[in-house]
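Novice: Starting from the known structure of chain A, fit chain B onto it as the hints suggest.
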Amino acid sequence: MARPKKKNDISVYHGNELVERRQELLDKITKGDSFLPDSVLHDDLDLGMLDFVKNNFKTVSGGEEIPVIPKILTLQRWGEFTNTWDISDLDGNIKLPFISVVRRPDVQPGTNPSLQRTIPDRQQFHYASVPTWNGTQMGADIYRIPQPVAVDITYEVTILCTRFRDLNKFNQIVLQKFSSRQAYTTVKGHYVPIVLDSIEDNTPVDIESRRFYLQNYKFTLLGFLIDEEEFDIKPAVSRLFLMNEFINSNNYEKKFMTKNVEITIAKYTSNGTDTVFSVGESIGILFTVEINGIVQTRDVDFFHVGYTSKISFSSPPRENSQISIKYYKGKSNVYIDSSGNPRQVSTETFTYDGTSLEFTTLNTIDSVVSFDLNGLTQQEGESFEVSGRTNLRLLGTPRVGTIIGVTYLH
Amino acid sequence: MNKKVPITRLSKFFSNEDFDLNVQIGEEYLHGDLNMKLILYRVDSDSTDTDAVYAEVGKDQIKFYPPVEFNALVRVESPKNNNYKNGMVRYNEPGNLILSVYLKQLKDLGIDLKYGDFIGYPETEEKVRYYTVSNDGKVTSDNKHNMFGFKPYYRTITCVPAQEVEFRGV
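For the protein sequence lines, the chains are A and B, in the order given. Plus 191 on top of the position in the first sequence (first one is 1) and you've got this note's numbering. Plus 1 on top of the position in the second sequence (first one is 1) and you've got this note's numbering.
Bound-form chain A, shown alone:
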């Protein structure tokens, strides 16, 4: 048997991939102090080209690197002078060899395929949703930016030298870099392609004057303009963070019926003067309002406007009375439990006639919300119990004629 080949865990690609890579690219663009990208304008693109030349076209002649004029030269004479004086001779002429970058002043409409189809009217598009917090209010801002404007900028990178071998080296570096037709520079995190258009020799041929080689490499930078002034920031939906302060820490409790339908019981202690009590959220279904365990009658003892949070009594309850409001905050009489099953609520009344302590409901009881005898709330397990799927049994004997009220989920 031949020796099995070992598995090699060679990581070919060391960078991030897929979503992580996209996030990495986005982070590069927005590594500034805001969520928006920085402006990319003409000067940024020029700087990107200049940096590209400085970093990629390093050519060594006679053991020394051929200097690149550190700025893009323009018409201003003093600017040209100040940026070349340190590589100039006593006559003020730039010593050979050197490399210069000259930009053509005319910037043309872009030909970058990814930006060529232009959306009219500078329409804004969603860029990011950014959460905001002003100390009291939580919200979000919607950042919108228009499509970048594609531009083509032409640069002429010129090498001047006196040796043929320097030309060869420079040419080799450029052609190797642009063997795939285009290379990329980075402008504020954006990858911007550069295309090599042409190479031409402009060496002056004159026997009676100074001799040097002069070659122009013409590049087109397929850039785009992003202007911060065009960005649009608008507030989105704001959420108000409401805080309700309760005097008693145990005023508010939640009761879980059947462990999966959330029914809230809000408890208050009356101060003898207040008639209005708020539960701090909309009451979808109001089950019972009790004072000291006695169920109150709606529109007689108290008033409630549907889907509001307040209960108003016709007169203030006595001081230190325990007020209990039992409600469900859903907006219909159909309850959805945590498993997604619909539940319904029903209220039925019976009259004790002295014969049987058991009563049969119309629906199968899932859980009892409230049970009262003549309006006095009873506790399950103490005064009644659910004895079957539709049966309730009293654990004590009430007076004949007692009205029994039960509200239950089914």
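Mixed in with the good hints there might be a few duds.
Distance condition first, Cα-Cα at most 35 angstroms in a straight line; then the derived DSBU-like pairs of lysine-lysine [stated by the list, open to error]:
1. A:Lys286 / B:Lys4
2. B:Lys105 / A:Lys409
3. B:Lys13 / B:Lys60
4. B:Lys81 / A:Lys262
5. B:Lys105 / B:Lys128
6. A:Lys249 / B:Lys108
7. B:Lys128 / B:Lys108
8. A:Lys360 / B:Lys115
Output of the computed footprint for chain B on chain A, the stretches with three or more beta carbons under 8 angstroms from beta carbons of chain B [unchecked claim]:
9. 353-365
10. 579-592
So the derived label-pair ranges between C-beta atoms look like this [what the hints assert, rightly or not]:
11. B:Tyr55 / A:Arg268: 34 to 40 angstroms
12. B:Glu127 / A:Leu306: 56 to 62 angstroms
13. B:Glu124 / A:Ser400: 16 to 22 angstroms
14. A:Arg268 / B:Leu104: 45 to 51 angstroms
15. A:Ser225 / B:Asn87: 21 to 27 angstroms
16. A:Phe272 / B:Leu74: 34 to 40 angstroms
17. A:Asn246 / B:Leu74: 48 to 54 angstroms
18. A:Gln214 / B:Tyr55: 23 to 29 angstroms
Don't read these hints as lab results, they were simulated from the structure. Beta carbons are placed, not taken as given, at the ideal position from N, Cα and C, and that holds for glycine.
Specialist: Frame of chain A; chain B shown alone:
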């Protein structure tokens, strides 16, 4: 070239003695009165290692014979304001150096000025400008370089300014 042909033209009006006298008077004026001195740096092409393909040399790699001082009538042309590309990267090109040298002096010194040799001309006490010979003026057959049509007596040598990368003195 050992055979010599006697020049007998113009013999009724001009002779070798007259020719030598005129040259002597001219040298007296040029070397004595004007006394314009230059330094010739002759390239030792035999000792200089050149590139195998392009016959180029790197900076400061040219070998020279010992420099020789000589006299000449010097004329420096006006500098030219120029640019490398579309008005950008301007340079002020010094004018060419045009020398007139007596053939007799070159013969006396045992030197020749060749295409590509370097010449230093001290403009001031501190500044020597270097030129390279672009036209060594060896062809002196024209009337201008012949004394009354008798014999050539001087050479006109054109030199262009040398780049520092080419030559910066020995």
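Novice: What hint numbers does the structure not satisfy?
Specialist: 1, 2, 3, 6, 10, 15 and 18
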